[in-house]
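**Student:** The chain contents come next:
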Amino acid sequence: MLKMNKISCVYQTDLIETHALRDIDLNVKAGEFVALTGPSGSGKTTLLNLSGLLESATSGTYLLDGEDVSSLSDRQRSSIRNEKIGFIFQSFNLIPDLNLFDNVDVPLRYRAMGIEERRRRIENALELVGLSSRMKHLPSQLSGGQQQRVAIARALAGEPKFLLADEPTGNLDSLMARQVMELLEKINSEGTTIVMVTHDPELARRAHRSIELLDGQISSTQLFGVSAEEPDEKTEAESVA
Amino acid sequence: MFFYNLRLAWISIKQNVSLNLLMVCAIGLGIGVSMSMITLYAMMSGNPIPEKSDQLFAVRIDNWDPDEAYTDYQGRETQPFQHSYKDAMVLRSSTIPLRKAAMYKGYFVVEPANDTVAPYGQVVRMTDRDFFAMFNVPFIYGGVWSESANDLGERVVVIAKETNDKLFGGEDSVGRQIKMGEHQYTVTGVIDTWNPLPMFYDLNNKAFGDAELLFMPFAIISHSEFDRAGNTNGWKAERINSHEEFLNSENIWIQFWAELPDAFTQDAFKDWLDSYVLEQKKLGRFPRPLNNALDNVTQWLEVNHVVPDDNRVMLALSFMFLAVCLFNTIGMLLARFMGKVSVVGLRRALGASKFSIFYMHLVEVALVGLGGGLFGLLLSYLGLFMLRESVEGIEKLATMNLPLVLMAIALAIFASVLAGIYPAWRICQISPAHSLKTQ
Amino acid sequence: MEIRPILSAILRNKTGAILLAIQIALTLAVVVNAMFIVQQRLKFIGRPTGIDIENIIVISSQGFGSSYDHEQTVFSDLELLRAIPGVKYAAHISRFPLSGGGSRSGFTSTTDSDAESVGANYYFAQNGTIDALGVKLAAGRDFLPTEILTGEQIDNGVVASSVLITKALAEKLFPDGNALGNLVYGGTGDSSRVVGIIEKMHGAWVSWDGLNQVLIFPGLRKDSGQRYLVRTEPGQRDRLIPEVESVLEKASVSRYLDRMEPMSEMVGRSYDNDRVVANGLIIVIVLLVSITGLGIVGLASFLVRQRTKQVGTRRALGAQKYHIVRYFLVENWLITTMGVVVGTVMAFGLNYWTATEFSLPKLDPVFVPVGILGIWVLGVLAAAGPAKRASNISPAIATRTV
Ligand SMILES: Nc1ncnc2c1ncn2[C@@H]1O[C@H](COP(=O)(O)OP(=O)(O)OP(=O)(O)O)[C@@H](O)[C@H]1O
Ligand SMILES: [Mg+2]
Chain S
11 MLKMNKISCV
21 YQTDLIETHA
31 LRDIDLNVKA
41 GEFVALTGPS
51 GSGKTTLLNL
61 SGLLESATSG
71 TYLLDGEDVS
81 SLSDRQRSSI
91 RNEKIGFIFQ
101 SFNLIPDLNL
111 FDNVDVPLRY
121 RAMGIEERRR
131 RIENALELVG
141 LSSRMKHLPS
151 QLSGGQQQRV
161 AIARALAGEP
171 KFLLADEPTG
181 NLDSLMARQV
191 MELLEKINSE
201 GTTIVMVTHD
211 PELARRAHRS
221 IELLDGQISS
231 TQLFGVSAEE
241 PDEKTEAESV
251 A
Chain A
16 MFFYNLRLAW
26 ISIKQNVSLN
36 LLMVCAIGLG
46 IGVSMSMITL
56 YAMMSGNPIP
66 EKSDQLFAVR
76 IDNWDPDEAY
86 TDYQGRETQP
96 FQHSYKDAMV
106 LRSSTIPLRK
116 AAMYKGYFVV
126 EPANDTVAPY
136 GQVVRMTDRD
146 FFAMFNVPFI
156 YGGVWSESAN
166 DLGERVVVIA
176 KETNDKLFGG
186 EDSVGRQIKM
196 GEHQYTVTGV
206 IDTWNPLPMF
216 YDLNNKAFGD
226 AELLFMPFAI
236 ISHSEFDRAG
246 NTNGWKAERI
256 NSHEEFLNSE
266 NIWIQFWAEL
276 PDAFTQDAFK
286 DWLDSYVLEQ
296 KKLGRFPRPL
306 NNALDNVTQW
316 LEVNHVVPDD
326 NRVMLALSFM
336 FLAVCLFNTI
346 GMLLARFMGK
356 VSVVGLRRAL
366 GASKFSIFYM
376 HLVEVALVGL
386 GGGLFGLLLS
396 YLGLFMLRES
406 VEGIEKLATM
416 NLPLVLMAIA
426 LAIFASVLAG
436 IYPAWRICQI
446 SPAHSLKTQ
Chain D
177 MEIRPILSAI
187 LRNKTGAILL
197 AIQIALTLAV
207 VVNAMFIVQQ
217 RLKFIGRPTG
227 IDIENIIVIS
237 SQGFGSSYDH
247 EQTVFSDLEL
257 LRAIPGVKYA
267 AHISRFPLSG
277 GGSRSGFTST
287 TDSDAESVGA
297 NYYFAQNGTI
307 DALGVKLAAG
317 RDFLPTEILT
327 GEQIDNGVVA
337 SSVLITKALA
347 EKLFPDGNAL
357 GNLVYGGTGD
367 SSRVVGIIEK
377 MHGAWVSWDG
387 LNQVLIFPGL
397 RKDSGQRYLV
407 RTEPGQRDRL
417 IPEVESVLEK
427 ASVSRYLDRM
437 EPMSEMVGRS
447 YDNDRVVANG
457 LIIVIVLLVS
467 ITGLGIVGLA
477 SFLVRQRTKQ
487 VGTRRALGAQ
497 KYHIVRYFLV
507 ENWLITTMGV
517 VVGTVMAFGL
527 NYWTATEFSL
537 PKLDPVFVPV
547 GILGIWVLGV
557 LAAAGPAKRA
567 SNISPAIATR
577 TV
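Chains as they are written, first to last, in our numbering: chain S, 11 to 251; chain A, 16 to 454; chain D, 177 to 578.
No wet-lab data here; the hints were simulated from the structure. Using N, Cα and C, we set each Cβ at its ideal position, and we do this for glycine too. Among the clues, some could well be false.
Stated by the list, open to error - 27 Å max Cα-Cα, derived DSS-like pairs, lysine-lysine:
#: 1; chain 1: D; residue 1: K190; chain 2: S; residue 2: K146
#: 2; chain 1: D; residue 1: K190; chain 2: D; residue 2: K264
#: 3; chain 1: A; residue 1: K355; chain 2: A; residue 2: K29
#: 4; chain 1: A; residue 1: K369; chain 2: A; residue 2: K29
#: 5; chain 1: D; residue 1: K312; chain 2: A; residue 2: K251
#: 6; chain 1: S; residue 1: K171; chain 2: D; residue 2: K485
#: 7; chain 1: A; residue 1: K297; chain 2: A; residue 2: K101
#: 8; chain 1: D; residue 1: K376; chain 2: D; residue 2: K312
#: 9; chain 1: S; residue 1: K171; chain 2: D; residue 2: K497
#: 10; chain 1: A; residue 1: K194; chain 2: D; residue 2: K426
#: 11; chain 1: A; residue 1: K369; chain 2: A; residue 2: K355
#: 12; chain 1: A; residue 1: K101; chain 2: A; residue 2: K251
#: 13; chain 1: D; residue 1: K312; chain 2: A; residue 2: K181
#: 14; chain 1: D; residue 1: K497; chain 2: A; residue 2: K120
#: 15; chain 1: D; residue 1: K219; chain 2: A; residue 2: K221
#: 16; chain 1: D; residue 1: K485; chain 2: S; residue 2: K146
#: 17; chain 1: A; residue 1: K221; chain 2: A; residue 2: K181
#: 18; chain 1: D; residue 1: K190; chain 2: D; residue 2: K398
#: 19; chain 1: D; residue 1: K190; chain 2: A; residue 2: K355
Said to hold, decoys possible - With beta-carbon atoms standing in for the labels, derived distance ranges:
#: 20; chain 1: A; residue 1: V420; chain 2: S; residue 2: Q151; range: 48 to 56 Å
#: 21; chain 1: D; residue 1: S535; chain 2: A; residue 2: H198; range: 41 to 49 Å
#: 22; chain 1: A; residue 1: M104; chain 2: D; residue 2: G333; range: 23 to 31 Å
#: 23; chain 1: D; residue 1: P537; chain 2: A; residue 2: D187; range: 52 to 60 Å
#: 24; chain 1: D; residue 1: R576; chain 2: A; residue 2: W440; range: 32 to 40 Å
#: 25; chain 1: A; residue 1: V420; chain 2: D; residue 2: W529; range: 17 to 25 Å
#: 26; chain 1: D; residue 1: N358; chain 2: A; residue 2: Q199; range: 50 to 58 Å
#: 27; chain 1: A; residue 1: T131; chain 2: D; residue 2: L320; range: 45 to 53 Å
#: 28; chain 1: D; residue 1: P537; chain 2: A; residue 2: A128; range: 49 to 57 Å
#: 29; chain 1: D; residue 1: W529; chain 2: A; residue 2: T131; range: 55 to 63 Å
#: 30; chain 1: A; residue 1: S239; chain 2: D; residue 2: T326; range: 20 to 28 Å
#: 31; chain 1: S; residue 1: D24; chain 2: D; residue 2: K190; range: 37 to 45 Å
#: 32; chain 1: A; residue 1: D187; chain 2: D; residue 2: S243; range: 29 to 37 Å
Could you build the full structure based on these sequences and the hints that come with them?
**Tutor:** What follows is the structure, given as structure tokens:
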């Protein structure tokens with residue numbers, strides 16, 4: 011599903027170069043649930059951004075879904091983001107001027123999709139996160155956990171193969187965090203590949219595999235689940251079917 | 016507190032010079048355009064003789080065509096603006112007004128005695144001796160001609176300071192002579208510079224021209240023929256082949272003013288006019304309905320549409336322009352102030368009251384307004400300068416006096432404070448908790 | 177298109193949008209009316225005069241003293257002027273057309289005293305004056321030298337045997353089109369035969385609606401002033417003015433020259449007010465459009481800045497750059513259009529006010545769509561920059577900003 015080879019990312023600022031990532035090799039298989047951990051500033055968000063095509067690596071190759079994405083145009087990258095990837099942000103990133111329905115609608119708007127289909131998907135996604143009764147509410151009228159669930163609904167509505175989450179529970183209390191985690195697990199169990207950044211070791215343990223970053227390098231990998239052992243080809247065949 | 020706020024405002028303005036410059040420009044343009052128009056309008060609609068404008072009356076009677084009312088140059092129906100010689104002679108004989116003067120414009124070529132000044136043509140106000148006292152014309156030397164000179168139309172002249180300077184080097188020239196045409200005219204007085212604006216006593220040709228520089232008795236025309244300037248209107252087909260025939264014709268070419276100091280004399284004079292017209296009707300003149308008019312100076316300026324419609328429309332448009340500039344400024348101020356939300360939240364958390372936040376921002380706005388006002392003043396000077404360059408005879412109108420300058424600055428500050436009130440009010444609504452929950 | 181969500185975003189952030197819409201409404205109202213007035217005035221100023229005003233020098237001088245002989249002076253002056261190389265024609269006329277000064281009287285085509293008379297500017301001129309004016313004869317002929325009345329004759333009531341009239345006057349007096357050769361009657365019943373019809377010639381007062389109604393009598397009235405028209409070869413006018421002046425000054429006559437200028441300047445002064453109004457309004461239009469353009473740029477930039485994170489999020493969720501550009505352009509277009517709708521009403525309101533209060537003409541409605549189109553184009557151009565900037569916001573902003 012995701013294959014990174016010797017990926018480096020260097021931020022050039024006025025005085026210093028920050029090596030956010032150095033020679034990362036990472037392989038995430040379809041259907042896998044990967045947790046990214048590590049101390050602050052270790053490069054987790056950067057890695058997520060690269061995976062989600064929000065940024066480009068300074069060097070290295072990156073195959074997403076079997077396709078080399080390192081040299082694609084902005085247009086193609088946007089389409090991939092739109093169709094294959096779902097993003098869940100630490101600070102939710104809901105659009106404050108739009109109600110829940112319209113917020114979930116945002117990624118769908120960038121596809122040629124009929125209104126009926128969009129409505130069905132939005133309603134399903136909100137149903138899934140348990141907020142279908144609040145469709146007309148504005149984000150400011152929701153609690154933090156509810157907002158994050160809307161953000162998840164937004165990511166799911168596009169039916170992505172690949173879900174990226176940057177500390178989705180970072181702003182939530184532990185109860186809320188657990189609920190969100192359960193939601194993610196449910197989504198994963200339905201076949202969506204997930205990469206999630208988290209500081210919470212307990213949550214990290216609930217993933218199939220936990221990768222720890224340190225100073226822009228992978229310092230250790232822990233396996234918890236089974237899904238990682240399934241062969242690439244097979245899951246791909248499944249997802250096509 | 017004020018000076019603290021002033022300093023804060025200055026610091027804040029320096030933080031975002033380009034946006035503040037833009038606001039100064041917007042206010043400045045609005046003020047510049049509207050002040051140019053206000054200036055023209057104010058100068059045009061000024062009262063030329065405020066001390067007695069409600070006691071001086073332009074007299075009109077209507078001896079016009081029975082089939083068709085008199086119309087002004089823009090086709091509006093009204094009473095005729097001038098009088099025939101016959102009627103003017105009767106009006107001059109009334110004893111009711113405190114003062115009265117008939118008048119018209121003559122045209123003479125002045126042939127100076129000294130060779131250094133070349134002969135030149137001059138429009139001369141031909142009028143009665145009351146003209147000077149009635150209109151408060153100030154004398155430097157001598158005075159007006161005598162009663163008998165007035166009645167007989169003797170060849171005497173009152174000259175303006177400019178003429179006295181030109182012909183007599185500014186000396187007391189009373190008793191000296193000026194040659195015009197075939198005759199010599201004796202100077203009886205020299206008046207100081209006198210230029211009522213608008214030139215209310217004769218609005219037939221130009222409301223904002225210069226007053227005449229020579230004044231001679233009305234009655235000269237009773238015994239001499241000379242060129243006249245100004246309008247002559249007629250409706251009746253009359254064969255006029257001589258001076259006498261002209262004087263006896265129904266052509267109108269004479270203005271008439273009366274000073275009627277109180278309601279009693281005003282009513283008395285009105286009655287007198289009515290009875291004159293009714294009596295003339297019996298003789299077959301004045302075929303139109305009784306339609307006499309006494310207009311005081313302000314009314315007279317209205318009747319003559321001294322402020323052209325164009326100027327009123329331009330004034331209105333310029334105010335709309337100012338409004339656009341102000342809305343623009345409000346927008347910029349809002350954007351500017353909203354950028355300071357977190358700082359304001361901090362100030363509020365540190366104990367600043369709503370009012371002090373409001374006050375602080377208002378001071379900033381007023382400072383921008385002052386800048387805009389000064390810039391606007393500059394632009395109005397530029398605008399008026401361009402007007403003076405492009406239109407002849409507008410010099411006296413397109414100039415700002417001190418009150419107008421002060422008005423420009425006041426308008427700018429007032430306008431920008433008005434524009435600033437809403438953004439300042441918005442920003443002072445920021446809750447003190449804002450800086451604590453940055454999200 | 178995503179109109180509804182954009183609209184709800186506008187409504188959630190009303191103040192800025194309303195402020196801009198008001199600006200646009202006022203701008204449209206003022207610009208539409210101002211454009212209309214400008215067009216009216218320019219048309220008014222640019223009316224064809226029938227006269228070759230670009231190549232004519234107008235000269236007036238004033239004689240004085242007992243030795244002054246008007247007829248003598250005019251004839252000798254004209255001879256001097258005609259002798260100047262580069263001068264095509266020189267002639268005398270009682271008043272200058274388009275100067276703001278002149279005489280007007282009523283004329284009829286019958287002796288019937290009840291007949292409605294037609295007002296016309298009348299002039300006294302001689303044979304050749306029409307050539308000096310450069311007006312064209314549509315029919316008939318110029319005066320014959322024998323027809324020109326002397327000042328003496330005019331004073332003694334001798335009636336002109338012939339007159340020239342303009343086509344506009346001919347059509348009013350003789351609707352049947354048989355003006356040439358017929359009699360024109362003055363107020364006193366005197367009549368003169370129409371010997372020539374002038375294609376077009378303006379009279380004295382530019383704001384009089386009878387400006388095209390002109391009648392010329394053959395004669396040289398007694399007067400102490402002379403008025404000459406000197407028509408030069410094309411392009412020679414300005415060069416000849418000093419020469420003309422020195423020729424007249426050398427002639428030993430007791431008079432002084434009080435006017436010596438291109439006719440176009442004199443005519444220009446008659447239109448001073450209209451020109452100032454037109455120029456002033458053009459300046460107002462330009463400034464207004466610039467200010468409003470800046471207002472649009474300002475609001476768009478503000479919204480872009482305020483929504484940096486939102487735009488990044490949209491990009492992260494897969495929006496193409498053109499989606500972002502389109503979003504801001506559509507949003508801006510919606511705001512502009514709200515302003516335009518209100519502005520259209522205001523434009524007609526403003527015109528209603530100027531039309532009823534000041535008897536200015538009714539607005540030609542074609543200016544409204546032109547103004548609306550202009551505002552739309554302005555809106556797109558002004559918002560294009562900020563929208564382009566927005567589209568360059570990196571999607572990584574979504575994870576980086578708090
Ligand atoms: N746009 C940027 N320009 C310069 N340096 C950057 C930029 N973005 C990130 N960095 C640097 O790259 C490094 C990695 O940042 P990253 O955001 O990936 O850390 P992180 O592991 O997500 O930390 P946290 O757990 O605190 O979110 C940091 O040192 C950071 O300062
Ligand atoms: Mg991070």
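**Student:** Among the hints numbered above, which are violated by the structure, and what are their numbers in rising order?
**Tutor:** 2, 5, 13, 14, 18, 25
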